[in-house]
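Trainee: Sequence:
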Amino acid sequence: MNKKLVLLPMGFIFAAFLIIPLFSMIIGSFHSDLTGQWTLSNYTTIFANAYYTQAFWNSLLIACLSSVLGIIGAVILCLCLINLSAKTQEKITFVSNLAANFAGIPLAFSFIILLGNVGVLKLLLPILADFELYSWWGLTITYVYFQIPLGLLFLYPSIREVKREWLESVELLGASKLYAWRKVAVPFLRPSLASTFVILFANGMGTYETAYALTSSNVNLLTIRIAALVPGDVFAKPNLGSALAVLFGLILVGGMILIQRKGRVLW
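Each residue of the sequence shown is one higher than the one before, counting from 23 in our numbering.
The reader is advised that the hints may include incorrect statements.
[Unchecked claim] When the alpha-carbon atoms are kept at most 25 angstroms apart in a straight line, the in silico BS3-like pairs for lysine-lysine are as follows:
#: 1; residue 1: K199; residue 2: K185
#: 2; residue 1: K185; residue 2: K113
#: 3; residue 1: K109; residue 2: K185
#: 4; residue 1: K205; residue 2: K185
Derived from the structure by calculation, the hints contain no laboratory data.
Assemble the whole structure, with the sequences as input and the hints as a guide.
Mentor: Written as structure tokens, this is what we have:
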């Protein structure tokens with residue numbers, strides 16, 4: 023009985039910071055911002071307004087593209103990392119942990135210094151003179167910066183478990199190295215790759231500070247639209263923002279279920 027009582031404070035914290043706000047958001051999404059009455063107008067407004075549907079598509083595309091590029095970069099770095107000494111691997115994973123958490127306004131400011139209109143790299147490299155940081159592609163590249171080290175942290179332990187003897191045995195039987203990776207290593211890594219993609223996708227969809235600090239409203243993203251509706255530029259529409267957040271959550275949950283259950287089809 024005493025052990026169960028110890029869990030009560032955690033239960034209250036869980037309810038206060040997750041359950042109650044979640045139900046409040048769902049209930050609020052079915053109330054009108056003007057009259058406070060029950061209505062579906064918030065959802066019909068979202069699907070009828072091209073501005074909000076564009077925010078969904080932009081967020082989905084940036085999240086998917088940055089996640090794919092993040093996994094590709096993480097796999098390449100992991101393959102290079104496992105050939106180094108144990109001490110070097112430890113140092114690089116420590117730096118990757120720092121880079122994965124380096125986001126928000128500091129990251130946006132760093133990219134502005136490097137690739138802004140008068141950025142250091144743009145001044146030193148003429149090939150980057152026409153690159154526009156404050157755009158859809160600029161935001162995607164910024165996302166990839168923290169997606170790659172985050173993907174490395176999740177994939178590195180799994181890739182270390184791929185035994186070199188497995189690949190060498192397949193090659194001794196006459197198969198190519200590419201065939202050995204495709205038939206042996208990739209099936210072994212499939213659960214880790216799918217799980218990592220889900221995490222990177224959720225991370226890309228939910229990023230707000232970096233996008234807002236870098237592009238403000240120049241790139242129409244879902245998180246920026248939700249944040250704009252809560253305080254309101256002219257007047258607040260928190261219930262409409264709650265409806266956007268509910269759809270946002272459904273997309274994340276649906277994507278996680280689809281990738282985890284149907285991931286084998288993608289590979």
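Trainee: Are the hints correct? Go through all of them and say.
Mentor: Consistency of the hints with the structure:
no. : hint        : in the structure
1   : K199 / K185 : 14 angstroms, holds
2   : K185 / K113 : 23 angstroms, holds
3   : K109 / K185 : 20 angstroms, holds
4   : K205 / K185 : 14 angstroms, holds
Figure legend: structure checked against the earlier numbered hints; every hint is met.
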